[in-house]
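Quick mapping for you: the protein sequence lines, in order, are chains A and B.
Using the numbering used here, read the first sequence as starting at 1 and increasing by one per residue.
Using the numbering used here, read the second sequence as starting at 1 and increasing by one per residue.
Derived by calculation from the structure, the hints in this document are not laboratory data.
Careful, some of the hints might be misleading.
[Stated by the list, open to error] Restraint-style ranges between C-beta atoms, simulated for each label pair:
hint	chain 1	residue 1	chain 2	residue 2	range
1	A	Q17	B	T349	53 to 59 Å
2	B	R393	A	Q5	55 to 61 Å
3	A	Q96	B	A399	54 to 60 Å
4	A	Q96	B	I777	38 to 44 Å
5	B	S377	A	S18	53 to 59 Å
6	B	T431	A	D173	38 to 44 Å
7	B	V444	A	M29	58 to 64 Å
8	B	S298	A	D173	15 to 21 Å
9	A	Q17	B	S377	37 to 43 Å
10	B	R10	A	Q96	28 to 34 Å
11	B	L258	A	D58	55 to 61 Å
12	A	S18	B	S298	46 to 52 Å
All of these numbers come straight from a predicted model, not from anything done at the bench.
C-beta: ideal position from N, C-alpha, C; glycine also.
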Amino acid sequence: MISVQNVRKSFSQGQEQSRVLNGVDLNIMKGEFVAVMGPSGSGKSTLLQLIGGLDVPDDGTIEIDKENIEAMKERERTIFRRENVGFVFQNYQLLQNLSVEENIAFPIHAGGKMSADAKERINDLVAAVGLSGLEKKRVNLLSGGQQQRVAIARALVNKPEVLLADEPTGNLDRAKAEEILALIVSFHQKYNQTIVMVTHDIFAAGFADRIVLFKDGRIDRMISRKDDDYAEYLANFLA
Amino acid sequence: MLNIWLISWRNITRRKKRFFFTLAAMVMGVAVMAAMLVADKTTEDVFSYYEQMYVADADYWILSDNHTFPEENIEELGVHPEVSETLLVLDKQAFFELEEDRPQNERSVRITGVSDFSSPLIKLPVTEGSLEDEGLILPKPVARLLGKEIGDSVRFEGMGELEVSAIVEYVQILASPADWEGAQSAGFRVMIPLNILQEWTGMNEEISYMRIQTEGDGEGLFRTLQEEFQGSSEFIQPVVADDRQSNDIGGLYTFFYLIAGLAILISGFIVFNMIYTSVIERKKEFAIMKSLGYLQSSISRLVLTEVLVLASVSVVIGVPFGVWLGDLFMVALLSVFAFDMVYSLNWVTPAIVSAVAGFVFPVLFSLVPIYSAGKTSILLTLKGEKGANSNKRTLRFAAGIVLLAFVFVDHPISYVGILAGIILLFPFFLTVTSKVIRPALSYVFGYGGSLAVQNLHYQLGRNANTSAILAVGVAVILLLGAVVESAPDGYEKEIRSTYGGDIRISSESPWTAEDISHLESYEEVKEVHELAEATPITWRTVSGEYRQFSVLSINSGGPSLYDHPDITLNGQLAGQPSILLGNRAYEEWGGEIGEKMIINTPEGEQELEVSGNVSTSHYSGYVAFMEQGQMQEAFGWGESFDLLLSLGEDSHSFFTRVWEDFGHKLSGAETVEDEIHSTTSAISEMYSLIYVLMILMIGLASIGTANTMLMNTVERTSEISTMRAVGFTVTQVKQMTLAEGLLIGITGVFGGVITGVLLIFTASRSALMEGFLAFQIPVSYVLIAVITGLVFSLLASWSAGSHASNIKLQSSLKEG
Chain A
1 MISVQNVRKS FSQGQEQSRV LNGVDLNIMK GEFVAVMGPS GSGKSTLLQL IGGLDVPDDG
61 TIEIDKENIE AMKERERTIF RRENVGFVFQ NYQLLQNLSV EENIAFPIHA GGKMSADAKE
121 RINDLVAAVG LSGLEKKRVN LLSGGQQQRV AIARALVNKP EVLLADEPTG NLDRAKAEEI
181 LALIVSFHQK YNQTIVMVTH DIFAAGFADR IVLFKDGRID RMISRKDDDY AEYLANFLA
Chain B
1 MLNIWLISWR NITRRKKRFF FTLAAMVMGV AVMAAMLVAD KTTEDVFSYY EQMYVADADY
61 WILSDNHTFP EENIEELGVH PEVSETLLVL DKQAFFELEE DRPQNERSVR ITGVSDFSSP
121 LIKLPVTEGS LEDEGLILPK PVARLLGKEI GDSVRFEGMG ELEVSAIVEY VQILASPADW
181 EGAQSAGFRV MIPLNILQEW TGMNEEISYM RIQTEGDGEG LFRTLQEEFQ GSSEFIQPVV
241 ADDRQSNDIG GLYTFFYLIA GLAILISGFI VFNMIYTSVI ERKKEFAIMK SLGYLQSSIS
301 RLVLTEVLVL ASVSVVIGVP FGVWLGDLFM VALLSVFAFD MVYSLNWVTP AIVSAVAGFV
361 FPVLFSLVPI YSAGKTSILL TLKGEKGANS NKRTLRFAAG IVLLAFVFVD HPISYVGILA
421 GIILLFPFFL TVTSKVIRPA LSYVFGYGGS LAVQNLHYQL GRNANTSAIL AVGVAVILLL
481 GAVVESAPDG YEKEIRSTYG GDIRISSESP WTAEDISHLE SYEEVKEVHE LAEATPITWR
541 TVSGEYRQFS VLSINSGGPS LYDHPDITLN GQLAGQPSIL LGNRAYEEWG GEIGEKMIIN
601 TPEGEQELEV SGNVSTSHYS GYVAFMEQGQ MQEAFGWGES FDLLLSLGED SHSFFTRVWE
661 DFGHKLSGAE TVEDEIHSTT SAISEMYSLI YVLMILMIGL ASIGTANTML MNTVERTSEI
721 STMRAVGFTV TQVKQMTLAE GLLIGITGVF GGVITGVLLI FTASRSALME GFLAFQIPVS
781 YVLIAVITGL VFSLLASWSA GSHASNIKLQ SSLKEG
């Protein structure tokens, strides 16, 4: 489903070049839920953004469903993202002057006209994320947890194959974080999307099928729920 | 050690494009102000210079209502102990004898014979030749037109020939047309030695007037001579520098100040928007500074320093640019006048004033954000909460409606009130406009169009202010456009109704009854009326200042020279000797109707009752009228040198005949059409200058739009990145920004057109305008305003759109 081959990426900071990804290889199966962990600056968020086509790698290839992301033109990449990828950000990234409903509908509007099906889907999603009755409310009037629910609904409105979540619970307290994770998991079970979630939280990572650990721009280790030492690993991490 | 100036510089240049646009607006504001002040002061200097050149060092002059008088009548003045200098002058009508065939009226020339070219009582700015060689003195345009140089001979029909000894710059005494077209209605003027002119004309020992310079103020001599001359044809007048009869440029000064004020107002508004946004953006920074111990005053001082740094840069660039612009403007402005005037730029005071304004206005406009920066709440800001939202919008709406009531108040301040009301009402206007055109925007720009409407409402106040300032620019320009467009019609209407006939012919000797009968015998002549013009007549304003004008005779059977249905010769003017004043003379005098004006008449100083003020085209209203009989008896002016004629349909042969029959004494023949043409052509030529200023003003307002659009974009970097992240293409982002700019532009331009029409309506009903401005929509100005405003707004939003499309998604999403 997602294929990342020998991806390198550097950023310039002043006159210095800082290499963030240093030859990353990663294959993610369709319907797999992968959590990416690692210390700050290890390159995990950059990898997520490259998979989502928000930026292009300096070197290497990234494919989603055999579509080469970095080879696409800017416009093609945007349309591909709109139709195939959903994004959930740590700070929600909602459009503050739009209502709950308008935020969720944004990717549909961006792609063209609103169909009856799309309207129904939006209503279903509003209900599914537990925001019924708040459709017309401006998002800046919602709590953090409610805003993240809007962000999840928006990410799913176009029924994407891939959901990319960058620290989706990073700004929430434990109770709210659990609610959001439960929501992501329930959607995953229902729609079988491929999920890549960047997180610092081992508790959140525990919901994933596989955990990928990053260090200094490379994958340091990968551990799957199927691995024998998975439970031990989590326990050690939590300890 | 923290250097507050350096920190301020870093702060204001942090956003490069915003800094550039704000600075550009401030530079333009200061520059336009400086340019207008330079134009005002230089124009004032030019006219004052030429007045002084005309007056020279003379204190009094002795004239006659008979055109000429014998030198012997005043010869004792030449040796009078109170008189230090004298100059004798004789004016004589003549014609150039040219090699090329030209009609007589085009060859008409007034020769002024002067007893001493080097006298301090006459000033001649020589460009070529010398005044020592006593020959013919030609003004530069005449020399150019005749193709004559120093040493060349010029012949005068039936008189003689003289070599050109000097060529001089424009002076009032030798004011001449600069081309043959102008020569059709105005004669040339040249100067020669008095003795030669007297010899040529056989008018030995005859002069037209004598200029004298006295020891001390000469008041005693003046009073004595006034008494002595009573009952004779000679009279004495003080020499007064007052050219208001030939220059009506008061309105032009008002125009300069209006443009200057508008420029500084618009740029001030742009500064307000920029500083306000900057303060809002940096609230967190201020909160941190306060938490570290900065006082409210320290924060305010920091923002004030930023404004001062911006102002300093704008003044350093704007003032020299403005002086240069003022110079260009003067070249264009003086080319409007028929005469070849020279000027030296008066830039020092304008530079100082505009520099001061360049500091004061930005600071004034930034006071609210400066205060707001200091008042930043540490807790609310760091928590990310907003302060309580007061009911500002309702208050703004109510204040706007109240101020609009100025439409019904006939006072100059009403225009400021109306504009302020419109600015306050603009958020509502923007809301209504956006609702109306939202479907069209959605149709053209897709979802970006709908989003644009929502985005504009998110920063309604700022966007409405930007739109409003564009509207103010458009509205004021439309008002000026309406005034300028209706001016020729207004003047034409006034000239036709008060000229007194179809043609005015002037002679250098009084018209006789025989002359009049002869003229009446012409087939094309329907009516002939005598017109006596006593000039120059000096008088005192209520504050005691000396002025001079002409007094025109009126009689019950004659044509109407003014427009005032309530004043009749049998009524107000029939009793005691009294005068009617033209409106401009009445304003300058400063008294009330029924009060007495002190006038130096040929019969001595008199106090004449002012029986009314009237609208007239003669000398732009800087004139007085008196009943003919009273003018002869009480005033002491008996002769008429002018005739007003009404002609029939076929009047082509009239000019040829009148020059043939009266060429020996005719000094001018001007038709009502000539008068209309010369008055309105100058105004028409002003059109191009006004178009340029108009585009400049709208350009300045559009810089405000560009700046606001850019601020909107920069402020929404994270939002725009989010839009892109969830599926908006670069083109869609551009369309959205373009739609925002278009909405601001459309609202500004159409709001401006509506406001302009409102101002024109108010002005057309104003008694102050004396019905001069008819209610009309200046279509060409509306078109230019609409096109320029929309194009500039689109360019502004295109620039912001380009910025938006270049946003780096990764980093801006992190910031968000």
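- Query: Between B/S377 and A/S18, does the beta-carbon spacing fit 53 to 59 Å?
  - Reply: Given a distance of about 38 Å, which is not inside 53 to 59 Å, the answer is violated.
- Query: Would you say the C-beta atoms of B/S298 and A/D173 sit inside 15 to 21 Å of each other?
  - Reply: 37 Å, violated
- Item | Satisfaction of the hinted span 53 to 59 Å by the C-beta atoms belonging to A/Q17 and B/T349 | 58 Å, holds
- Verdict for B/R10, A/Q96 (Cβ pair) under range 28 to 34 Å: 29 Å, holds
- Cβ distance range 38 to 44 Å for B/T431 and A/D173, holds or violated: 39 Å, holds
- Just tell me: holds or violated, for the beta carbon distance of B/V444 and A/M29 against 58 to 64 Å? Violated: the Cβ-Cβ distance is about 45 Å, outside 58 to 64 Å.
- In this structure, is the beta-carbon distance linking A/Q17 and B/S377 contained in 37 to 43 Å? 42 Å, holds
- Is 46 to 52 Å a correct range for the gap between the Cβ atoms of A/S18 and B/S298? 37 Å Cβ-Cβ, so the 46 to 52 Å window is violated.
- Message: Looking only at beta-carbon atoms, does the pair A/Q96, B/I777 fall within the given range of 38 to 44 Å?
- Response: Holds, since A/Q96 and B/I777 (Cβ atoms, about 42 Å apart) stay within the stated range.
- Task: Could you say whether the range 55 to 61 Å given as a hint is met by the Cβ separation of B/L258 and A/D58?
- Result: 59 Å, holds
- Message: Tell me if the beta carbons of B/R393 and A/Q5 are separated by a distance inside 55 to 61 Å.
- Response: Given a distance of about 57 Å, which is inside 55 to 61 Å, the answer is holds.
- Item | Pairwise beta carbon distance, A/Q96 to B/A399, judged against the given window 54 to 60 Å | 29 Å, violated
Going down the numbered hints, you'll see the structure goes against 3, 5, 7, 8, 12, while the others check out.
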